[in-house]
Amino acid sequence: MNIGTFAHLFKHEFRMDIRRVYARTWFWAYAAVILAVLLVALGVWGGRRGFNPQYLIYFMYAFPFFMIGVGHRALNREWSDQTYGWWLTLPYSRFRLLLAKFAASLVQGMILGVIAFGVLLVLVLYTSLLHGKGLGEAADFVQIELQYMLVTAAAVPFMTALGMAAAIIWRSKAKGLLPLIWIVFGTLGNIFNWINLYTRPEKSESTVLLFQHGIPPEVWAVLAGMWLLAGGLFAVAVYICKKHLIV
Amino acid sequence: MTQSAISAEDLCKRYGKKIALADFRVDIPRGTVTAILGPNGAGKSTFMRMITGMVRPDRGTVTVLGRKPSWKTNASIAYLPDRARWFGGHTVRQAVEWGSKLLPGFQTDRAWELIDMLGLGADQEVAGMSKGQEARLMLAVCLARDVPLLVLDEPFSGIDMLSREKIVAALIDSFSERSQTVLISTHEIAETESLFDYAVFFAEGRNALSGDVEELRARRGSVQDIYRQLYG
Amino acid sequence: MNEIRIGGLRFSLDLSQPLYEQVLEQVRSSIAKGEIALGEKIPSVREMAQALKINPNTVMRAYQELERERLTETRRGQGTFITTDAARVQEIRNKLAEQAVEQFLAKMESLGFGLKDIESMIRAKGGVSQ
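From first to last, the protein sequence lines are chains C, X and R. Sequential numbering of the first sequence, starting at 1, is according to the numbering used here. Sequential numbering of the second sequence, starting at 1001, is according to the numbering used here. Sequential numbering of the third sequence, starting at 2001, is according to the numbering used here.
Be a bit skeptical, because a hint or two may be false.
Said to hold, decoys possible - On the chain X side, residues computed to face chain C include the following (Cβ under 10 Å):
| no. | residue |
| --- | --- |
| 1 | M1054 |
| 2 | P1057 |
| 3 | W1098 |
I should point out that these hints are in silico values taken from the structure, not numbers from a laboratory. Since the structure is predicted, the reported quantities are computational estimates derived from the model, not experimental observations. Built from N, CA and C at the ideal position, the CB exists for glycine as well.
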């Protein structure tokens, strides 16, 4: 594989996604509005008893679902923009073409994830300081974030590949597999809930920590497993793109 | 006998009930500018998509430049897809960069020459372009490539007259510049028939007639006349 | 197709007949008529193709034939020029005239007119615009 052209493919994919969403003013307008609402709400109700600002972490439950969208859009864009003719006839293997999209989506995910966790940390700090609680909560929150980051990192490649696979299957003779995708989407997307269930016996009600006593070794195995599954799903997408696409 | 640029034998393709190609056969000589003609749905686009490996035949074989169609062969083919758009986020300059980085045989100087000839500006944004301007840009990207085969699927479709004239002039310039095998499918026969060396008439997925255009003129009249004879 | 003028030459192309022959004949005719002078430069293949809006290959074939007939000569780096050989041009004029006469006679014959009738007709028309 020529590293040079892959880099260019990657850059192209990345640039296309950036322009499509993040360069649009409405995206930032929405983000600003949501942030403003949160700041106000936290300011008003953040000091109440029983409100733990660490609950903000629950926002991250949505992140894996969001990544399905990113993966899906990376592929679907070629059809919605009517550029699939150029894309499919590029002198590069389907594997390389899809890998560029996958990589660009993952990098997007990483950047957005970091931003998301960063914003949440800032909001927790803001709430704590505003209501005179000191830095202790924020320090604890970092621990929580680290655990959630781990789970997110496990889930994101798989969910991204799922989105891409869904997009490809929709345009192929394997359309019948789509319900299967929905099932996987529904079950695995809720990964955070599954983990909570798994660690439920030990957990007390008042904490949002996923793993009470440090990270059990099984988690690393699951992470590796999820990444392997992601690779497998990606391979399925490449296979369908090579042999069964309907154009 | 000189090797054909493209040869097809017993090519068949159907989409559900619709038959796109039925035992299609053709031999397109190298170095010719070939017209791919016929009414909508006659199989022209399907044939061009097969040449570039986008579509696989159900049966039969097609050989392009002596090889099977694949992404590897596409390194030698400059293809303008039908009903294609260019990447909305690009400027003309970025389009040229895209071409130079990803398309084998892309000549940047030639690209700029063509862009100038076609009346486009380096910093023009694709998002703000008219259909005709976008068509001209896409053509420039294809013509800028020094490759053995050029495949243009309906480059004139829905394009204003002035853009069409510019495109014809750019094509003639390109043909003067280098020897390529060129396939053009079009409905604008009156404006373009004088460009063609060879012609293939599609009808219901079959090769209704094909041959050297000058010979056809001697035997049967202009390409327009022949079109009327076959489909009228 | 309408008449197109380029570089002293005049063309009127009929798409229902082979173009190569038409280009060739019309260039020959222009030379014979003196519409383009001896030794004068004619447009390049590319320019001609652009003006006539036809495939450069067709123009190239015609140019090659003209060169073979010694009606034109190509000078490297400078372009293509009409021959300076006046005798050659005269030869062509004569040849075209002969062809015209042949065609005329054949047509008259097919209409049923003999040589005597033709002679008197010509005399009657006489003093044809000189």
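Structure-based check of each hint:
no. : hint  : in the structure
1   : M1054 : 5 Å, holds
2   : P1057 : 13 Å, violated
3   : W1098 : 7 Å, holds
Violated hints amount to a single one, hint 2; each of the other numbered hints is respected by the structure.
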